[in-house]
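Let the sequences and hints guide you as you build the complete structure.
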Amino acid sequence: MEPSQREDELEAVFLLIRDCQQQPSTRDLASVLKRPDEEVASDLKMLALEGDVMLGDDGTVALTPQGQELGMRVAKKHETLQCFLSEMLGMDRSSASNEACLLEHTVSDETIDRLGVYIKAPRQHRHQWRGGQEEDPCMIHCPLSALTDFKEGDDVIVSMILGQERAQRLLDLGVVPGERVRIKRKLANQALVIQVKGCDVALSPEVAASICVEPLK
Amino acid sequence: MKFALIGNPGVGKSLIFNQLTGLGVEVNRYPGTVVTLERGNVCFKKEKIEVIDLPGIYSLDGSTDEEVLVRGFLEKRDADALIAVLDATKLERNLYLFLQVAEYSLPMVVVVNMMDEAERTGLSIDTERLSKHLGVEVIAVAAVEGRNIDLIIPKTISSAHPPQTQVPYDHHIEAALKSLEKTLSTPRHKNLLGLLGMSGDPLLRDSAASIAEEIGQRHQMSVHQIIATNRHNFSRQLASDTVTIGRRKRSFDLDSILTRTVPGIPILCAIIVLMLLSVFIIGSWMERIIVSVFTTYVIGPFATLGLSPLAGQIGLSLLIALQAGFGIAFPFVFTFYLALSLLEDSGYMTRAAFLADRVMHRLGLHGEAIIPMVIGFGCTVPAVMSIRILKTRREQTIAAFLITMIPCSARTVVIAGIVAAFVGIAWAFSVYLIVLMLIILTALVISRVTPGEQFGMIVDLAPLRRPRPGLVLAKSWIRIKEFLFIAMPVLVITSIVLGILQYTGTIDTFQQVVAPVMTTLFGLPAYTSTALLFGVFRKELAFETLAVLAGNANLAAVMSGVQLYTFAIMSVLFVPCVSTIAVLYRQLGARIAILASVYSVALGFFIGALINLLMK
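Protein chains in written order, with the working numbering: chain A, 1 to 217; chain B, 1 to 616.
To be clear, the hints were calculated from the coordinates, so they are not data collected in a lab. Quantities reported herein were computed from a predicted structural model and do not represent experimental measurements. Treat the hints loosely; a few may be bogus.
Stated by the list, open to error - Stretches of chain B that chain A covers, calculated by requiring three or more beta carbons in the stretch to come under 8 Å of a beta carbon on chain A:
| no. | region |
| --- | --- |
| 1 | 84-92 |
| 2 | 221-228 |
| 3 | 452-459 |
| 4 | 477-486 |
Unchecked claim - Take a look, some chain A residues computed to stay more than 10 Å from chain B by CB distance:
| no. | residue |
| --- | --- |
| 5 | S4 |
| 6 | L16 |
| 7 | C20 |
| 8 | D172 |
| 9 | R182 |
| 10 | A191 |
| 11 | K197 |
| 12 | C199 |
| 13 | D200 |
Claimed, not checked - Straight-line distance between alpha carbons at most 25 Å, and here's what the computed SDA-like set of lysine to any residue pairs gives:
| no. | chain 1 | residue 1 | chain 2 | residue 2 |
| --- | --- | --- | --- | --- |
| 14 | B | K182 | B | S240 |
| 15 | B | K155 | B | T229 |
| 16 | A | K151 | A | K217 |
| 17 | A | K217 | B | S240 |
| 18 | A | K217 | B | Q220 |
| 19 | B | K48 | B | P154 |
| 20 | A | K184 | B | Q220 |
| 21 | A | K151 | B | P463 |
Idealized CB from N, CA, C, for every residue including glycine.
Below is the structure:
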């Protein structure tokens with residue numbers, strides 16, 4: 001069995017257990033991996049021999065501490081890489097995910113740790129706000145400072161806008177790189193009213209967080 | 001001759017259009033979309049001129065229905081001249097759209113509207129200078145006062161010509177445009193569209209895409225951003241050369257109270273409750289009058305005609321459908337539209353969206369979704385029509401499900417007529433509470449299972465203005481016409497089908513078949529199944545039919561409190577009416593329409609059975 005295949009399978013088991021809160025069956029696993037049931041079943045037997053998984057009598061799969069450790073590490077690599085590729089480098093989500101699937105098997109732990117720190121660094125002091133959904137590991141964040149880092153009455157200069165689709169609407173309203181923007185109102189949930197080109201524009205927190213700005217000197 | 005008005009939303013285009021053409025407006029649905037175009041005619045020196053009001057847009061580069069429509073209109077060169085309407089108080093941002101339109105080189109004139117407001121805020125605009133820069137005639141107008149409106153048509157006829165202005169793009173973009181022009185011999189504005197990835201021509205799109213990518217890499221910025229920045233910078237230059245900012249008179253800024261959490265949110269709640277209450281009170285008063293007039297002067301005489309039973313039944317069903325349509329359309333929906341247009345024209349609606357953003361996020365939506373939600377309290381049909389303001393399919397789906405559950409004015413009639421009248425006011429409120437809780441629960445579940453991404457709110461806050469009565473009326477009129485256009489045919493057809501079923505005795509058979517279910521599962525008398533069935537056709541018919549079938553207007557005499565309560569909740573939850581299903585189908589397709597309907601039937605049955613079980 002290829003190491004990358006082992007990692008893929010443990011990652012899939014890990015994600016299924018994490019997201020569904022129960023132990024998956026061989027069939028669940030096969031449908032996630034998009035491979036035939038028998039193949040997955042025989043792979044699982046080999047993984048059981050290596051001490052990565054435990055097979056229940058009812059056909060469910062559980063992870064041993066060793067398998068848990070490896071599955072979690074690969075899943076984390078995948079999320080970090082996908083986030084970096086789609087949000088920082090601007091790839092679309094599905095190709096970023098496919099690319100992450102290939103890279104996750106070769107990238108070193110150190111690279112992933114450093115990437116994770118790089119992506120997360122600016123968000124430690126922001127986003128107390130939570131949406132109705134579980135936190136998206138890839139919610140768009142600016143590598144520098146975002147509009148949401150400033151307070152009511154501040155003047156800032158737009159330096160970059162992340163996320164292609166939203167950006168178009170913002171561009172049309174005059175939120176372009178180099179433009180001076182004033183924060184007119186900031187609610188507790190980080191929703192903003194900004195003044196740009198003499199007009200007031202209301203923004204959701206996640207939109208405001210995707211606008212990178214610099215303070216006006 | 002054919003002229004078209006083009007401009008940003010909220011520049012007073014509709015007001016100018018109404019002043020030019022009067023109220024004889026024709027609304028056209030543009031094929032394949034839900035965007036409407038308004039057309040009207042002006043007579044000038046015995047010549048008939050058609051004027052078209054294009055939907056308000058911020059730019060020509062987007063992919064909303066409105067932007068696609070306007071782009072297609074310009075592409076076809078379907079007008080003899082364009083009248084570009086700009087807002088004097090926001091000239092810089094308005095010029096951004098003008099510069100894009102100018103690239104199509106159609107004959108045009110520029111109308112700078114809201115000169116009165118600009119003067120009040122201390123702005124003065126040198127229209128002659130602007131005219132020189134843009135290379136077209138510029139007319140200074142104050143539509144609210146009617147100032148210079150009469151100049152628009154004569155000047156457009158005499159001096160509309162293609163603008164002489166051109167945005168100086170970044171030199172890489174200019175080089176790309178030139179090389180595309182040389183290799184493919186396509187015009188400049190098409191090449192720009194190509195660079196932005198929006199050309200319909202595959203050859204141009206492909207060759208432009210590779211150039212765009214290269215430029216994007218070199219600048220570390222997408223071509224969209226570069227082009228937008230160039231245009232904005234040029235419009236800033238133009239604006240700063242023509243606008244002088246004088247001393248601004250200090251006036252009280254209402255936004256300092258309206259957009260804060262406190263007192264903004266209490267004010268928002270108060271406004272919505274007040275609006276719904278007044279619509280309900282005025283509506284039920286008007287409905288009584290319309291229904292009684294209709295009964296005495298139309299249905300009464302019809303019954304004495306002595307037609308054959310089948311013809312009589314069909315005729316009666318037709319009349320009942322018309323009565324139902326007008327009985328709900330004018331009293332409730334029209335009054336509601338008046339209130340809504342008032343809120344929209346005053347600019348308050350955009351503030352409501354801002355304040356509601358937080359709550360809407362919890363439901364998997366964002367601030368702008370409050371508009372369809374509020375409309376839903378009036379009537380579900382226009383509410384579903386308005387969900388297209390939400391950008392993603394995910395948001396539209398969630399909103400559609402929730403809207404079909406919101407108690408519309410017809411459902412309010414059921415709650416008031418059955419529960420409030422015979423069980424108690426407190427119980428009537430408990431119905432609302434239950435529905436509200438179910439809406440929140442539904443939202444929490446479907447926002448997790450609906451695939452797709454959230455777009456987030458980006459709303460241009462409209463300036464607060466005193467609404468113009470004429471415009472509010474015109475807007476409501478156009479909307480009610482749209483409502484009648486969708487709802488009426490559905491009402492008439494369903495009514496006739498139900499009439500025929502009743503004539504052939506199918507309904508009685510149906511009643512007998514489902515009788516055991518009704519009694520054992522819900523503890524309701526057999527005839528309530530027919531009343532529920534009629535409720536599918538029009539919600540408050542459930543109540544009226546029930547009274548007829550029970551043979552007693554005092555429902556408390558024939559049904560127990562629990563039975564009335566169960567019936568009311570079931571008919572409130574149970575299936576959005578047929579008109580809603582029709583409009584769901586048109587907006588979101590058969591799958592969502594069926595899912596939403598099946599869900600509400602299941603929910604209605606489930607809650608009905610649950611109450612019966614708990615209260616027995």
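Status of each hint after checking the structure:
1. 84-92: holds (count 3)
2. 221-228: holds (count 5)
3. 452-459: Check passed, 6 qualifying residues.
4. 477-486: Violated: only 0 residues of the region 477-486 of chain B have a Cβ under 8 Å from chain A.
5. S4: Its Cβ never comes within 10 Å of chain B, the nearest being 28 Å, so this holds.
6. L16: holds, 17 Å
7. C20: holds, 13 Å
8. D172: violated, 4 Å
9. R182: For A/R182, whose nearest Cβ neighbour in chain B is about 13 Å away, the distance exceeds 10 Å, so it holds.
10. A191: violated, 5 Å
11. K197: violated, 5 Å
12. C199: violated, 6 Å
13. D200: The assertion about A/D200 is violated, with a minimum of 4 Å to chain B.
14. B/K182 - B/S240: Violated. B/K182 to B/S240 sits at ~35 Å, over the 25 Å cutoff.
15. B/K155 - B/T229: violated, 33 Å
16. A/K151 - A/K217: holds, 16 Å
17. A/K217 - B/S240: Distance ~22 Å between A/K217 and B/S240 Cα, so the pair holds.
18. A/K217 - B/Q220: holds, 24 Å
19. B/K48 - B/P154: Holds. B/K48 to B/P154 sits at ~13 Å (cutoff 25 Å).
20. A/K184 - B/Q220: violated, 30 Å
21. A/K151 - B/P463: With Cα atoms ~23 Å apart, A/K151 and B/P463 stay inside 25 Å; holds.
Of the numbered hints given earlier, the model fails hints 4, 8, 10, 11, 12, 13, 14, 15 and 20; all others are met.
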